[in-house]
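K.L.:
Residues per chain, in single letters:
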Amino acid sequence: MRALLFWLLLSMTSAVQAAPLIQPVMMPVGAGADAVAVSTARMVGAVLEYTRWPEPRSVIRLCLAGTPRHAGRLEDVQLASGAALQLSSLTVAGELPMGRCDALYIGRLDAALTRRLIMAAHGQPVVTIAEDDPNCRNGAMFCLLFAPRTLSFQLSIDAVSRSAVRIDPRVLRLSKGGY
Amino acid sequence: MMRSPASTPNSAMPTLRQVLGRVHMRLILFAVLMAGATLTLTGVLVIRGYADRNLALIARTVAYTVEPALVFDDIAAVRHGIAAVAVSESVLQVDVRDPGGHVLMTWRRPGGGVMAAIERGISGLVAPSPALADVRRGDRLIAQVSVYGGAEGLGRFILSGLATALACLVLTLLATWTLARRLQRDVTEPLARIADVAHAVRADRQFDRRVPNSDIQEVDQLGRDFNALLDELRDWHRGMVSHNRMLERQATRDVLTGLGNRAMFEQTLPATIARADAADAPFAVIYVDVNRFKQVNDTHGHDAGDAMLIVIAARLRVVLRPDDLAFRLGGDEFALILAPGVTPDEIDAIKARIASGMNQPILLPNGESIEASLSVGSARYPHDSADARDLLRHADAAMYAAKPGRASTRDR
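Protein sequences, first through last, are from chains A and B.
Going letter by letter, the first sequence gives residues 62 to 240 in the numbering used here.
Going letter by letter, the second sequence gives residues 10 to 421 in the numbering used here.
Keep in mind the hints are simulated off the structure, nothing from the lab.
Check before you lean on any hint, since a few could be wrong.
Said to hold, decoys possible - If the Cβ cut is set under 7 Å, some of the chain A residues that face chain B in the computed set are:
hint, residue
1, Val90
2, Ala107
3, Glu110
4, Ala141
5, Met159
6, Ser222
7, Val226
8, Arg231
9, Val232
10, Leu235
As the list claims (entries may be wrong) - So these bits of chain B aren't anywhere near chain A, every CB distance computed over 12 Å:
hint, residue
11, Thr74
12, Asp82
13, Gln102
14, Leu182
15, Pro291
16, Asp354
Unchecked claim - Across the chosen pairs, the derived CB separations fall in these ranges:
hint, chain 1, residue 1, chain 2, residue 2, range
17, B, Val112, A, Arg176, 38 to 48 Å
18, A, Ala154, B, Ser138, 57 to 67 Å
19, A, Glu136, B, Val53, 56 to 66 Å
20, B, Leu113, A, Thr128, 29 to 39 Å
21, A, Arg198, B, Gly147, 30 to 40 Å
22, A, Glu136, B, Gly147, 37 to 47 Å
23, B, Leu175, A, Pro230, 45 to 55 Å
24, B, Val53, A, His183, 29 to 39 Å
25, A, Trp114, B, Val53, 43 to 53 Å
Backbone N, C-alpha and C define an ideal beta-carbon position, used for all residues, glycine too.
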């Protein structure tokens, strides 16, 4: 009974607190030559942490598309689940090889090609992360937002709903704009 | 009813009502304290149990909520997450530490000041130790959350318990007062009635007073025994009074003739003088002497003399009016007091009747009969003298003057 009350209270306050929580996650970016790359790797790792595939992956295949600027430290990502990260670059830009990618990191790429890639990923168990789309217009699930000292992201719930992967709802609250 | 000082109860001693009230007070106080202590203890234990579980739940919730923020390495988001969860007023402080034990963030309930410090102190004493929860991502320990609970629930409970105890104390006082009153009505008042009767008997000799019945067995028994005792006392008192009366008669009556004796005469004379003075009415004293009584004694024996005296006494009594009195002063000497208001003519008439009463001879026990004559002398008050002694002398002199053969010696 008390637990029920508590949960009621909690949900109420969450609803109340949701409004001021529009401030997105602010991952600090340290100093150094590749500080942004380190933070990017960490952000991508966190996103992968909270992504669930229909079948658990022992190896997560991260495909890089376009020209990534901050992907230099992605190979350092360690996942808590113990899954290994396998990096590969797309051979043909704008062509998503079916069943060969679990995650797609899109660097600088032509908008039309980007949209094609993302369209191809619809309904597939692929989590899409856009590096160079601050307004999140191209339909990626996660869009990285680079600020001088911090790194944050925006999450498109529409894109998440079209995908076969599931994102932990707690991550929604950390997204820019909040949910 | 005035009580003599000897029967005034010692005011330092407690009354029965006070004793009863004290006993009631202790009994009820004991019961209230026992019930209160038991309930408070049970309540504190139960509430502590709830608080423990509540804190553990909050700790787990905080851990779940802040986990992504920690993974994304955003302390501000961690703070927001905690604030959203720990808004329940039972949380005072939340600490988040990394696996190495370093504090990543501390969240404290906002506001406070002195009250918050006091609350923290109380919670340190009574609240459960902080609830801990691990923040894990897979098998990896990311952080540890400690939630410190407030003592508000317990404090409120203890405060309300104290208020209830106070209310109970007031009720206790009222109940004690009422019960003591009722007991006083049932016990003390019957006892007071017995005491009243005892006092009336002792102070006013009201042996007819009786203790009424009581509804309490012991008191009723006491009242009954007391009444029986009063019965015996009354009988004893009556016996004593009649015995006293008999003794008084013996002291003031002449045994032989039944007339008053000299002692009674000496009491009656001043009383009569006082009555005469008060009523302003004269009275008279008559002395009577039996002539040649010694000869009768010597010739016929003392029995004959006694019989003669008895007959003379009876004849003297006959001539008197209802209020007049006759006395035998000793030997053959008699005195009469004629009640106030007597006239000289009446005195003469009475003297004449005395003389004529002796005309008949007196029959002695041995069958003989002898003639007897009396010498009579009277004195009137205040005509002859206003002094008792002088009045008697006057009567005596008159009597001697009336004796036949005045030169002859007095036969006594």
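K.L.:
Honestly, which of those hints from before does the structure not fit?
P.N.:
The structure conflicts with hints 1, 5, 6, 7, 11, 12, 22 and 24, although it agrees with all the remaining ones.
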